[in-house]
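*Asks:* Here's the letter readout for the chains.
There are 2 protein chains.
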Amino acid sequence: MRLLATWRADLIAGAIVAVLLIPQSLAYAMLAGLPPQVGLYASLLPLLAYAALGSSPVLGLGPVAVLALMIAQALGALPAGVSATEGALVLAAEVGLLLATAAVLRLDALSSLLSVPALRGFENGATLMIAAGQLPVLLGSAAAGFTLPALVSSAPDGGLGLASAVWGGAAVALLLLSRRAGPRLLSRLAPLLLLVAAMLLSALTPAARGVAQVGALPSLAMPLGLPLLDAALWLQLLPAAALVALMGFVSSLAVSESLAQRRGEKLLPAAEMRGLAAANLVASVSGGMPVAGSFSRSILLHEAGSRSRLSLVFVAVFMALAMLLLAEPLAYLPKPVLAAVIVVAVLGGFSLRPYRDAWRYAREEGLLMVAVTAAVLLWSIAAALAIGVVGSIALLIQRTARPHVARIGRVPGTQHYRNLERYAVECRPEVVGLRVDESLVFTNARGLTDAVLGHVRAHRKQVGPPQRVLMLMAPVNHIDVSGLTALQELHAALAAEGLRLEFSEVKGPVLDKLKAVGWLERHDVSLYLSHHEGIQAGEHVLRPSLADHDAPGQL
Amino acid sequence: MRLLATWRADLIAGAIVAVLLIPQSLAYAMLAGLPPQVGLYASLLPLLAYAALGSSPVLGLGPVAVLALMIAQALGALPAGVSATEGALVLAAEVGLLLATAAVLRLDALSSLLSVPALRGFENGATLMIAAGQLPVLLGSAAAGFTLPALVSSAPDGGLGLASAVWGGAAVALLLLSRRAGPRLLSRLAPLLLLVAAMLLSALTPAARGVAQVGALPSLAMPLGLPLLDAALWLQLLPAAALVALMGFVSSLAVSESLAQRRGEKLLPAAEMRGLAAANLVASVSGGMPVAGSFSRSILLHEAGSRSRLSLVFVAVFMALAMLLLAEPLAYLPKPVLAAVIVVAVLGGFSLRPYRDAWRYAREEGLLMVAVTAAVLLWSIAAALAIGVVGSIALLIQRTARPHVARIGRVPGTQHYRNLERYAVECRPEVVGLRVDESLVFTNARGLTDAVLGHVRAHRKQVGPPQRVLMLMAPVNHIDVSGLTALQELHAALAAEGLRLEFSEVKGPVLDKLKAVGWLERHDVSLYLSHHEGIQAGEHVLRPSLADHDAPGQL
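Quick mapping for you: the protein sequence lines, in order, are chains R and F.
Sequential numbering of the first sequence, starting at 234, is according to the working numbering.
Sequential numbering of the second sequence, starting at 234, is according to the working numbering.
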């Protein structure tokens, strides 16, 4: 009974998502510069492959808008004699192989290289570029381009088609109306209803005169077979495939992870990688194009009550039915209507809020987000992703570049020590209490001695002549070889001024490494379990032996 | 009187260093593939420029071995019609301009990109390669190459010269003997004495037959003038110049900083950059080659009692004298003797200890060091530096890639909380105490929710059903936009399980940013000044208002 209930739920969810996927698959194939039926092919067998190997019960796999734009750019300069369809198959094969390799080598952590600002900036830029690129199709213009400058410069020669503009404008208006005014069910059915109505109208009346139509399709029989095995072509498409694979994996993971957390489920990134790899490999031998998880369709699968990956199997069944039914009328579909479906779908996901939020929280990350978006619009996909990754790493390094060392004192009446620039605290003259607020790594190690000596000077002036420097090491999560070298220099510099160096609250893993090389004994550095204990310890107090801190379960 | 004492001390230090600089400058020029007098020119006016603008009183400026190797590689493929001497001047001009630009843009922090393992690995690799490259000269072979494979493959056709081998072997033996056996003064004078003796012997006896000599020099008048202004040549040498500038600055800074700390002086990295820029620009208009601070000569300046940069002025005066005296006899100097000076000088600085130390402290950094050294020997300077920089960054990112979240409990009888996997601590069932051991940034943010939920499950099983999760945030030095997004997801995931999220010991700068966007209020997250306070706070205790933590000077 329970199994039956799951099946029923998945069947319903599958049907609902198929209704959205049919128009989207046609539209995104067109967006990628491919014949629309490629979108249908990519929405069939690849879904079964993911259902077999993936892990999320709600990943709306298939063609997605951002990847479609990347595919269009990748296929822009194919050698003579290679069709876009053939190029797309090679691209899908490479994406699948790259993801499979990454899965075998457990490289799924690589996806963390795309920070939130880089990812959101990229997606928003791609969204705007997709919408801008569909504008000429909507208006019956021949203008085209993968960047705004290219698009604008081709606009004067593009001309305008009144009939196209009327079809396109009407379609956009109807879609927006169904979103705003209608009940939820209608707004979901709207794109499919619109496509069917447009095909009927265009086939049965003369109203479609002068409007570009999809045109007769060669055949709607799915072409099974290996992609072109041309080494030069594979090499040419490899860089683009790497970007598509990275973007496809990261965006799929982002949506499936956030849904898994909402659903209280556990997601396996490695399984997601395998599932995506399999889906793309299957797409490459069944006439498809690179696929990934769509944000809108995943949300819909979740809301429609999908319980297992079986829902994707049902989606595929419905897509097969649609292929049979659509074979004939698809030829009549006016292109401006498809463009309207794309524009309304992608702009629904666009928002300026992430920029505002990032800017308010951290200026430099807000700027990075704007830079990535601008790079998509004005330069290229690859440049935008490179700016995002390199920029994120640069900001991370810059942030750890100054070793923040705070002078701390005791909050009166407690065993608690805080920054004396922020709190009214007590200090003792004979000991300089410092808190090292960053891991000691190569990016900041060089400045450590200077920072500490500065605090010692200030202490001598304000509190009195110190005998020792006690560093609270709790925030230090790691000390690398450069950091160790810096500690060595610090020890020597303090010794030159007749000061002892002491540590408190050193974390376990950090302590283990220092002990492994005998650093503490060699430099005769005292250790205290708590900073309070270290501050209290006068000369009359015996220094606790290292062994005391060693055994787990002891003080 | 005091001024006079300083002058006297600087005069003596200058004389001692000049004795070492004369043979080194000749040898390193030859190592760079340049006529030996270029080394003398590079040791004259550039020293005055650094003395005017630099900041360290003990930087042994002039030609250095590692840069000489880099220069030789850069000048290996000059276009026809351009001599190596002309190329070296262009290279020096570019190094000077790049350093000047970096100084103006305050890019001296860029130097932190070279971690200690990368720097030491590179220097050791260059040292070995220099020694290997001089071996054929010592042995009278014509073999040559900038990498070990190139050197080895040219060896069979190189032949051997018995006379050269005798000269070279004798010179090496004498130099080593003076180091091991003789008093300190002798070992310092040895290279110069050896050169003078070799020139005399070679000029006055037939013993030098069959041995390559430096040969008659065109003129020892310093050629003043602008370097070749050829755009294509400048562009070709620019990448090498960038590497030379980076390496020159970082190695100079490393030695001058460590000496400044030893001497209790303050070093200004920006002034060092300006001084090096000026020195290289002056070198480029006075017949020199790119210069930097030498480790051995800087130590010697310090030990010889240099008190101010005036000592460098005296070095320059002695170099001018040497130029006049050496003009004639330099032609007779046998090349194997110069090679012996190089080999003994650079191998004196070689040690396997840094590899062993790094390996014992952190395997992956030890491996990186070996990889950088191997890349210098087997591949190229540029590849080695790239591996060093990229590898250091990759290790840094990998280290922060897993968010280490520890479950903590109270050390009995204290207000202190430690990892329950390492210490015997007390936990209360209603609250899960966690310590976030890393800044929350894009490289680790994605794993936060999973890690916390895992601890919550373990707590539920081992201690009891919790009502809230209290995260000790003291080790969190920074939260970027990706980290904030992760906290948002965590908050939602905990809320879905009916758990409250609370923070303790949030650092001032982190708190400021969270408050600036109203994050804490919006998510109703309680804050505690100390973790102990937060654990004690039951439902009956009023949550402290945010304002309490706000004002400096209050609890």
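Don't take every hint at face value.
Remember, identical chains collapse to one label, so a pair may be satisfied in a single copy or spanning two.
[To be verified] Listed below are the simulated SDA-like cross-link pairs for lysine to any residue, each with C-alpha atoms no more than 20 angstroms apart in a straight line:
1. K746 with G599
2. K694 with E730
3. K746 with G378
4. K499 with V385
In case anyone wonders, no lab produced these hints; they're calculated from the structure.
Keep in mind that this is a model prediction, so the values were computed, not measured.
*Asks:* Each hint should be assessed against the structure and marked as holding or not.
*Replies:* The hints, checked one at a time:
In this assembly of identical chains, K746 and G599 lie within 20 angstroms of each other by CA distance solely across copies; the values are 14 angstroms between and 38 angstroms within a copy. Taking identical chains as interchangeable, the C-alpha atoms of K694 and E730 lie at most 20 angstroms apart only when both belong to the same chain, with a minimum of 15 angstroms there against 54 angstroms between chains. Taking the shortest Cα distances, K746 and G378 never come within 20 angstroms of each other, neither inside one copy (56 angstroms) nor across copies (41 angstroms). Taking the shortest Cα distances, K499 and V385 never come within 20 angstroms of each other, neither inside one copy (47 angstroms) nor across copies (57 angstroms).
In summary, the numbered hints that this structure violates are 3, 4.
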